[in-house]
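If you count by the numbering used here, then the sequence shown holds residues 1 to 286, one letter each, in order.
No lab work stands behind these hints, which were simulated from the structure alone.
For glycine and all other residues, C-beta sits at the position ideal for the given N, C-alpha and C.
Incorrect hints may have been included.
[Claimed, not checked] Using C-beta positions, here's what the derived DEER-type ranges look like: (1) Gly170 <-> Glu268: 49 to 57 Å; (2) Leu111 <-> Gly170: 25 to 33 Å; (3) Ile140 <-> Lys33: 37 to 45 Å; (4) Trp87 <-> Glu162: 52 to 60 Å; (5) Asp284 <-> Ser31: 24 to 32 Å; (6) Pro112 <-> Ser264: 32 to 40 Å; (7) Phe5 <-> Ser31: 16 to 24 Å.
[Said to hold, decoys possible] In silico DSSO-like pairs for lysine-lysine, Cα to Cα no more than 30 Å straight-line: (8) Lys41 <-> Lys184; (9) Lys262 <-> Lys73; (10) Lys113 <-> Lys68; (11) Lys280 <-> Lys113; (12) Lys147 <-> Lys73; (13) Lys73 <-> Lys33; (14) Lys280 <-> Lys262; (15) Lys68 <-> Lys172; (16) Lys280 <-> Lys27; (17) Lys41 <-> Lys172; (18) Lys73 <-> Lys41; (19) Lys138 <-> Lys174; (20) Lys195 <-> Lys184; (21) Lys172 <-> Lys184; (22) Lys174 <-> Lys195; (23) Lys27 <-> Lys262; (24) Lys113 <-> Lys138; (25) Lys41 <-> Lys27; (26) Lys113 <-> Lys195; (27) Lys138 <-> Lys184; (28) Lys113 <-> Lys41; (29) Lys68 <-> Lys41; (30) Lys172 <-> Lys183; (31) Lys41 <-> Lys280; (32) Lys73 <-> Lys27; (33) Lys147 <-> Lys68; (34) Lys147 <-> Lys113; (35) Lys183 <-> Lys68; (36) Lys184 <-> Lys174; (37) Lys33 <-> Lys68; (38) Lys138 <-> Lys73; (39) Lys174 <-> Lys147; (40) Lys174 <-> Lys113.
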Amino acid sequence: MSDVFEESQALREREEPFVLATVVAYKSPQSAKPGSRAIIKSDGTISGWVGGGCVQPIVLREAQQALKTGQPKLLSISPDASHTDDWHGVESYRMTCEGGGSLEIYLEPFLPKPELLIVGDSPVAETVAQLAELLEFKVINDPSQIKESTYVVVATMGNGDEEGLLSVLGSKPKYFGLVASEKKSRALFDYARDKGYTDEQINSIRCPAGLALGVETMPEIALSVIAEIMQLRRMQTAEAPPAPAEAIDPVCGMTVATATAKYSTVFEGRTIYFCCLRCKETFDRS
1 MSDVFEESQA
11 LREREEPFVL
21 ATVVAYKSPQ
31 SAKPGSRAII
41 KSDGTISGWV
51 GGGCVQPIVL
61 REAQQALKTG
71 QPKLLSISPD
81 ASHTDDWHGV
91 ESYRMTCEGG
101 GSLEIYLEPF
111 LPKPELLIVG
121 DSPVAETVAQ
131 LAELLEFKVI
141 NDPSQIKEST
151 YVVVATMGNG
161 DEEGLLSVLG
171 SKPKYFGLVA
181 SEKKSRALFD
191 YARDKGYTDE
201 QINSIRCPAG
211 LALGVETMPE
221 IALSVIAEIM
231 QLRRMQTAEA
241 PPAPAEAIDP
251 VCGMTVATAT
261 AKYSTVFEGR
271 TIYFCCLRCK
281 ETFDRS
């Protein structure tokens, strides 16, 4: 258990996403007991122990989903799949392991704070930074740190507009907003074209940045900008991630991810997938 806590702390310090899986209840016979923990990283590697056999593939699959949505959930794995559809935050699976028993496992995703890069020291830039920190963004100001997951706001507003825009233009962040009037933005975009930037790069900029809320004051502009960023972030979180290709093991009834299945056989021109060697051999003999 101490190894799991040490690894989770190290992952958080490195800002690497992971899921902490904790067994909260069980029915015999199960080797994992309440308090048993495991860490599942985004590449699917797992350290610790919350169950084997048919339990681990379920945990791995659901942990990957939790990393995409950022939402915790409770897994209930039992022979009767007792939880019904009116439970929110619970995913029920039928226990198909020969050993039997039941497990309830809590999955808690740990994701690094989203990064917001702000260019400029205008009143709008300062207020956007304050709101972003309140909303648990990591505010940065180094353009070399821009990644595909970064949100970028240019709010120079008359102080180093050209330098500020060109310092981040050409990057491909998740969001790229420019706080400027239509007249000012046209002049800046013409300047960027003269410097060799393409229309495709320029068209990726949202200008004027912010939701159309009828704003007038500096704080209102900042609020509209952070609202647009939050809207984009929540829309992407709410999108259902594509489900991995799966098949049902015809012997034990377990759900198998076809992309990582170790055991399969071709029967009547169709590929059949199995959770383990014993199920494959049983099918092949029949």
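A quick look at each hint next to the structure:
1. Gly170 <-> Glu268: 49 to 57 Å: Since the Cβ atoms of Gly170 and Glu268 sit about 54 Å apart, the hinted range of 49 to 57 Å holds.
2. Leu111 <-> Gly170: 25 to 33 Å: 27 Å, holds
3. Ile140 <-> Lys33: 37 to 45 Å: 43 Å, holds
4. Trp87 <-> Glu162: 52 to 60 Å: At roughly 56 Å between Cβ atoms, Glu162 and Trp87 fall inside 52 to 60 Å, so the hint holds.
5. Asp284 <-> Ser31: 24 to 32 Å: 29 Å, holds
6. Pro112 <-> Ser264: 32 to 40 Å: 37 Å, holds
7. Phe5 <-> Ser31: 16 to 24 Å: 21 Å, holds
8. Lys41 <-> Lys184: Measuring from Cα to Cα gives roughly 45 Å; hence the hint is violated.
9. Lys262 <-> Lys73: 27 Å, holds
10. Lys113 <-> Lys68: The hint holds at about 14 Å.
11. Lys280 <-> Lys113: This hinted pair is violated, its Cα atoms lying about 44 Å apart.
12. Lys147 <-> Lys73: Holds. Lys147 to Lys73 sits at ~28 Å (cutoff 30 Å).
13. Lys73 <-> Lys33: 18 Å, holds
14. Lys280 <-> Lys262: 10 Å, holds
15. Lys68 <-> Lys172: 20 Å, holds
16. Lys280 <-> Lys27: Holds: Lys280 and Lys27 sit about 28 Å apart, inside 30 Å.
17. Lys41 <-> Lys172: Holds, at about 25 Å.
18. Lys73 <-> Lys41: OK: Lys73 and Lys41 at ~16 Å, within 30 Å.
19. Lys138 <-> Lys174: 15 Å, holds
20. Lys195 <-> Lys184: 17 Å, holds
21. Lys172 <-> Lys184: Within the cut-off at roughly 22 Å; holds.
22. Lys174 <-> Lys195: 24 Å, holds
23. Lys27 <-> Lys262: Answer holds: Lys27 to Lys262 is near 29 Å, not above 30 Å.
24. Lys113 <-> Lys138: 6 Å, holds
25. Lys41 <-> Lys27: Satisfied, since the Cα-Cα distance of roughly 27 Å is no more than 30 Å.
26. Lys113 <-> Lys195: 34 Å, violated
27. Lys138 <-> Lys184: Status holds; Cα separation ~29 Å.
28. Lys113 <-> Lys41: 16 Å, holds
29. Lys68 <-> Lys41: Holds, at roughly 12 Å.
30. Lys172 <-> Lys183: Within the cut-off at roughly 24 Å; holds.
31. Lys41 <-> Lys280: Answer holds: Lys41 to Lys280 is near 29 Å, not above 30 Å.
32. Lys73 <-> Lys27: Measuring from Cα to Cα gives roughly 20 Å; hence the hint holds.
33. Lys147 <-> Lys68: 17 Å, holds
34. Lys147 <-> Lys113: 13 Å, holds
35. Lys183 <-> Lys68: 40 Å, violated
36. Lys184 <-> Lys174: Holds, because 23 Å separates the two Cα atoms, which is no more than 30 Å.
37. Lys33 <-> Lys68: Since the Cα atoms of Lys33 and Lys68 sit roughly 27 Å apart, the hinted pair holds (cutoff 30 Å).
38. Lys138 <-> Lys73: Status holds; Cα separation ~25 Å.
39. Lys174 <-> Lys147: 8 Å, holds
40. Lys174 <-> Lys113: Given pair Lys174, Lys113 holds - Cα atoms ~14 Å apart, limit 30 Å.
In the structure shown, a violation is registered for the earlier hints numbered 8, 11, 26, 35, in ascending order.
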